[in-house]
Amino acid sequence: MNGWVLAATVELAGGGAAALWGVTTGPTARRVVAQNLTTAALCPALLLLAQGYGRPSYVDLALLLALLGPVGTLVFARLLHEDLEGQRPSAWGLTYAVAAMGAVVVAAVCAATGPGRAMVKLLVIGALLVGGNLIASRALSGAFRGVRGG
Amino acid sequence: MDEAVILVALLLVAGAATAAVAQRDPARQALVLSVLGVLLAVLFTVLQAPDVGLSQLAVGAVLTPLLVMLSVRKIRRRGRDRDGAR
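Quick note, the sequences are listed as chains F and Y, same order.
The numbering of the first sequence is numbering that gives the first Met the number 0, which starts it at 0 and goes up by one.
The numbering of the second sequence is numbering that gives the first Met the number 0, which starts it at 0 and goes up by one.
If you're looking for bench data, these hints aren't it; they were derived computationally from the structure.
For every residue, glycine included, the Cβ atom is placed at its ideal position computed from N, Cα and C.
There's no promise every hint is true.
[Said to hold, decoys possible] If we take Cβ atoms under 10 Å as the criterion, some of the chain Y residues that face chain F in the derived model are:
(1) Val4
(2) Leu10
(3) Ala19
(4) Gln22
(5) Val34
(6) Leu38
(7) Ala60
(8) Leu65
(9) Met68
(10) Ile74
(11) Arg77
(12) Gly78
(13) Gly83
[To be verified] Covered stretches of chain F, as calculated for chain Y (at least 3 residues, CB under 8 Å):
(14) 18-24
(15) 40-51
(16) 60-69
(17) 74-88
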């Protein structure tokens, strides 16, 4: 087992267990936040796994997750807005911490790949991950309330 | 030692699946289902089947919760209309 897979295991265990605990307990608002953070916690793990197995094509999974994860969260923000009325689900400290961790992982994998098209792809994934996560968190906390009716 | 990551993924999937069954509210079930979809995709990746993981990611993380949530909303609206008619 090399260091990349070890890091992925630690990230998977920590992030996955925390997300699972958050999504199964507590009020609906907390569950939605935990579901949102699942994407941000597991996408870097997929990147680390791709690097650890030495298979650049596995990066596609992380790309798809970074693209679709926020979409899933937006679905919940839109369809659960009656339940979330009045409470503003947000955990900004956690959100920024997870986003920073994703950025660190992307930077580390970028440094390992070296310049080229693969690095551009990794940077796109990082931008999608951090941007999508912040947008989804804002949508959950009710920043786009005008768009959410109906 | 590569089995450690497989074990972690398996345990997480088992935990998430059990939790999804144990929830009572369909909306909360959909939230757990979405997490389960992502975890299953990770498990497939760890087992060296990323093509299965790709489709699982699209279906499990977005499509299934969307279908469940749309049905829940429709049923809630129908129930409310019926209550209003009485």
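- Query: So which of those numbered hints doesn't the model satisfy?
  - Reply: Hints 10, 11, 12, 13 not satisfied by this model.
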